[in-house]
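Whole structure, please, built from the sequences with the hints as guidance.
Residues per chain are reported as follows:
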Amino acid sequence: MSSFRSIGEDFMGAMSIASKDMRVYYLKPPAIFYGLMFPISLYLAFQMGRPCIVPEYRLTGIVTIACFFGASTIEAVVFPLERTAGTFDRLMIAPLSLRAIVVGKALAGAVFGLLTSLIFAAIASPFSGAIQVQPLLFIPGMVLSSIAFSALGTVISVSANDITQAMMPLNLIRLIMIFMSGVFLPLEEEYAFMPSLQNIAYALPLTYSVDAVRQTTWGPIRIETLLIDWVALALFSTVFIIASIKLLRRTLR
Amino acid sequence: MVEAIELVNLTKSFGKMVAVKGVNLQIHEGEFFGLLGPNGAGKTTIVRLITGLTKPSSGKVFISGYDMATEPLQVKKRFGLIPEISNLYNDMSAWENLIFSAKLYGVKKEEASKRSLELLDLFGLKDRLSSRVGQYSKGMKRRLAIAMALMHRPVILFLDEPTGGLDVQSSRLIRQILQQLHNEGVTIFMTTHYIEEADQLCNRVAIINQGNIVALDTPERLRSSTPDVVIDVAFDSPTQIPAEVEKNCSKLVKLREERFRLFTTNPEDVVKLLRSFAESAGRSIIAMSTMKPTLEDVFVIYTGLDPLAAERMEQLRPKRGAS
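The listed protein sequences correspond, in order, to chains Z and R. Following my numbering, the numbering of the first sequence begins with 1 at its first residue and continues without gaps. Following my numbering, the numbering of the second sequence begins with 1001 at its first residue and continues without gaps.
It should be emphasised that the hints constitute simulated quantities derived from the structure, not laboratory data. Please read these numbers as outputs of a predicted model, since none were measured by experiment. Treat the hints with care, as some may be off.
[What the hints assert, rightly or not] Heads up, simulated DSS-like pairs for lysine-lysine below, C-alpha to C-alpha not over 27 Å straight-line:
1) R:K1077 <-> R:K1114
2) R:K1126 <-> Z:K246
3) Z:K246 <-> R:K1254
4) R:K1109 <-> R:K1060
5) Z:K246 <-> R:K1138
6) R:K1016 <-> R:K1055
7) R:K1077 <-> R:K1060
8) R:K1109 <-> R:K1126
9) R:K1103 <-> R:K1138
10) R:K1055 <-> R:K1103
11) Z:K28 <-> R:K1138
12) R:K1272 <-> R:K1254
13) R:K1103 <-> R:K1114
14) R:K1108 <-> R:K1060
15) Z:K28 <-> R:K1103
16) R:K1021 <-> R:K1055
17) R:K1060 <-> Z:K246
18) R:K1077 <-> R:K1055
19) R:K1126 <-> R:K1108
20) R:K1060 <-> R:K1021
21) Z:K246 <-> R:K1109
Here you go:
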């Protein structure tokens, strides 16, 4: 009974933290720059500078990049700003588990990522060729992607004391993943120079997100691989959240 | 009887530096307790250890009998913390800050609204409840930080330098409210640089220096714990106190080029020596007074590094488990 009450208190606490973060940090300049402007610039560089995006990846590319950058940016802004202002201590002395704090923070990032990716999807759809969005299958993939990327941002940022400290490793990871996860090209083409390297892509959450978006916006849908994408994204989320809790506990030492 | 706060052999090291060295303290329920110490003495580290913001290297913290290491959530429900920097959300209003604080502590919606109004009224912030906190003055921010810490009606309140850098009006209001909370039975643990504040408010005071509690008692007893008399002397021009006078003092503090404070157990001889020095050196004593040491003088003696004071510190150091 008491564990149910504690889960309930944690849930309410996590929701309060998430809604506060949305209210306070969504419009902060670093969130707008790294979460919106940066992915747009990156996409345009690929699309217009030296066009290399195949048609079926036009919408997939912009949506997954928006989701990836948006969801992982909020934590990289929130954790350092709250540590500097001392407001993070306010959460740490509240009667909440570390799990509630981490989940609350990750939730704010996930909602930001989901919103930005849906907005980008709506804007980019008319220019993306013969897309066939399957909303009932597209949305779960986007939700799971947002959570996974937000949880990744949490792992990187949970112990950061300033925004640069969080953004530098995060941007490095983002760029590596973008080049290795087949965001703009099918994996076979991307790894044509050395097909054996393709296995690395399956260790990256972005690969599953790209596949889930591509299947549900362009087709063909293969439900078994779509399920694998969802399960993989859920597993990545769980691993990242657990790692974040452990890292947060270490900051108390 | 369960103590409100109990620290058992609390130690904290940062690498090779030991910030808190085996501190034992018991703070009784309803007590107003002050922790005094110079910068870097370990005051804030102790507050962070007690409130769970930092884990001890060794030792235990008990709050109302609950062990911080094993029952942190039970402990955290019982206290409120006002850190040295007012940690508020500057982009939110005072009202939103208070309601957020209520949510963190599971205070029900109706109670949170009622309590917020009550606290805003108590701290004189009701007229500005909708303003962004970023527009508040330092004093207003401090008052709001205390109001937020009181939202869930904690039985223990920790304050780290509560009136540091504030205007007189805010400091007075905060002191009055702390006194009122103390009268209502709230246990208060406060660190401060302002010795007069501790003297005025606290039932007991501990002096911490280099991570050690070097004195612990009521302000009255601490004042009488030193046999020294304080001599304040001012000459008409800059000078040095001769070695012969210094030899008769446990501590000598140079206040200005021509003004000195001397701590001695032998005031009559020191006064005579000072007069004869002035005569022989062709200087005039323009003011001289002898007085019992204030709490600030006691603080200087205990935190000073001269050998006589250190020796006395050792004699007066609270024994393990002392309360």
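Right, here's what the structure says about each hint:
1. R:K1077 <-> R:K1114: At roughly 20 Å apart (the allowed maximum being 27 Å), K1114 of chain R and K1077 of chain R satisfy the hint.
2. R:K1126 <-> Z:K246: Violated: K1126 of chain R and K246 of chain Z sit about 41 Å apart, past 27 Å.
3. Z:K246 <-> R:K1254: Violated - the C-alpha atoms of K1254 of chain R and K246 of chain Z are around 52 Å apart, more than 27 Å.
4. R:K1109 <-> R:K1060: violated (35 Å)
5. Z:K246 <-> R:K1138: violated (36 Å)
6. R:K1016 <-> R:K1055: holds (16 Å)
7. R:K1077 <-> R:K1060: Holds. K1077 of chain R to K1060 of chain R sits at ~18 Å (cutoff 27 Å).
8. R:K1109 <-> R:K1126: Holds, at about 19 Å.
9. R:K1103 <-> R:K1138: holds (25 Å)
10. R:K1055 <-> R:K1103: holds (26 Å)
11. Z:K28 <-> R:K1138: Holds - the C-alpha atoms of K1138 of chain R and K28 of chain Z are around 23 Å apart, at most 27 Å.
12. R:K1272 <-> R:K1254: holds (19 Å)
13. R:K1103 <-> R:K1114: Given pair K1103 of chain R, K1114 of chain R holds - Cα atoms ~14 Å apart, limit 27 Å.
14. R:K1108 <-> R:K1060: violated (33 Å)
15. Z:K28 <-> R:K1103: holds (24 Å)
16. R:K1021 <-> R:K1055: Measuring from Cα to Cα gives roughly 14 Å; hence the hint holds.
17. R:K1060 <-> Z:K246: holds (22 Å)
18. R:K1077 <-> R:K1055: Holds, because 18 Å separates the two Cα atoms, which is no more than 27 Å.
19. R:K1126 <-> R:K1108: holds (21 Å)
20. R:K1060 <-> R:K1021: Measuring from Cα to Cα gives roughly 13 Å; hence the hint holds.
21. Z:K246 <-> R:K1109: violated (32 Å)
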